[in-house]
Amino acid sequence: MTLRVATAADAPAVAALERVTFGVDAWSEGSVLEELTAPGRRAVVAVEADELVGYAVTASSGDVVDLQRIAVRSDQRRRGLARALLDALTTEAAGGGGGGGRMLLEVSAANDAALAFYTAEGFEEIGRRRRYYRDGSDAVVMQRRCRLVTGEGRG
1 MTLRVATAAD APAVAALERV TFGVDAWSEG SVLEELTAPG RRAVVAVEAD ELVGYAVTAS
61 SGDVVDLQRI AVRSDQRRRG LARALLDALT TEAAGGGGGG GRMLLEVSAA NDAALAFYTA
121 EGFEEIGRRR RYYRDGSDAV VMQRRCRLVT GEGRG
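With this note's numbering applied, the sequence shown corresponds to residues 1 to 155, in that order.
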């Protein structure tokens with residue numbers, strides 16, 4: 001499995017995994033393309049045997065990085081891939097990147113597996129957004145202090 005910076009050419013595969021993973025809350029292919037290429041974004045993909053098996057996207061503003069998405073194909077889960085994607089976005093890049101900061105995310109209160117993962121990765125709940133998702137579930141807002149790649153531009 002290889003992790004690399006996402007490109008515009010990855011948009012169709014990312015959008016396909018979006019639909020499978022997030023259903024009605026999935027980003028459209030146009031939205032995916034924008035998220036992969038917009039200023040202040042950082043996106044990484046995991047590829048195995050020339051197939052996209054996971055991705056993660058952040059948006060940066062100053063010393064705050066929002067984890068916009070992280071998804072792993074269902075047959076590739078429980079192998080440490082989500083952790084590797086998260087680490088790729090939060091580890092200081094060689095020769096540059098950010099200093100101290102914090103990462104924020106929102107996750108469905110109904111997603112026990114994701115809540116357990118983020119808690120194990122050092123995130124703490126700091127708030128809730130009631131009925132945030134289309135299925136009516138609350139969003140749990142979590143944060144973690146960490147060394148961050150600020151993602152100025154893409155890269």
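Hints in this document: simulated from the structure, not taken from any laboratory. Note that CB positions come from ideal geometry on N, CA and C, so glycine has one too. You may find that some hints are simply not true.
Said to hold, decoys possible - Distance ranges between label pairs, derived from CB positions:
1) Asp50 <-> Arg129: 23 to 31 Å
2) Gly136 <-> Ala49: 19 to 27 Å
3) Arg102 <-> Asp25: 18 to 26 Å
4) Ala49 <-> Arg128: 20 to 28 Å
5) Gly40 <-> Arg4: 13 to 21 Å
6) Gly30 <-> Val64: 34 to 42 Å
7) Gly136 <-> Ala84: 28 to 36 Å
8) Ser137 <-> Met1: 16 to 24 Å
9) Arg134 <-> Glu34: 19 to 27 Å
10) Gly80 <-> Val5: 16 to 24 Å
11) Arg130 <-> Thr2: 36 to 44 Å
Against the structure, the hints:
One distance hint, 23 to 31 Å for the beta-carbon pair Asp50 and Arg129, is violated here, with the actual separation near 38 Å. The supplied range of 19 to 27 Å is broken by Gly136 and Ala49, whose beta-carbon atoms lie about 38 Å from each other. At about 24 Å, the CB distance of Arg102 to Asp25 agrees with the hint of 18 to 26 Å. At about 40 Å, the CB distance of Ala49 to Arg128 disagrees with the hint of 20 to 28 Å.
Taken as a hint, the range 13 to 21 Å holds for the pair Gly40 and Arg4, whose Cβ atoms sit roughly 20 Å apart. The supplied range of 34 to 42 Å is broken by Gly30 and Val64, whose beta-carbon atoms lie about 26 Å from each other. Taken as a hint, the range 28 to 36 Å holds for the pair Gly136 and Ala84, whose Cβ atoms sit roughly 32 Å apart. Between Ser137 and Met1 the Cβ separation comes to about 31 Å, which falls outside the hinted range of 16 to 24 Å.
Taking the beta carbon of each, Arg134 and Glu34 are about 20 Å apart, inside 19 to 27 Å as hinted. In this structure the supplied range 16 to 24 Å holds for Gly80 paired with Val5, their Cβ-Cβ distance being about 20 Å. Remark: the range hint 36 to 44 Å for Arg130 to Thr2 is upheld by a beta-carbon distance near 40 Å.
Figure legend: structure checked against the earlier numbered hints; hints not met, in rising order: 1, 2, 4, 6, 8.
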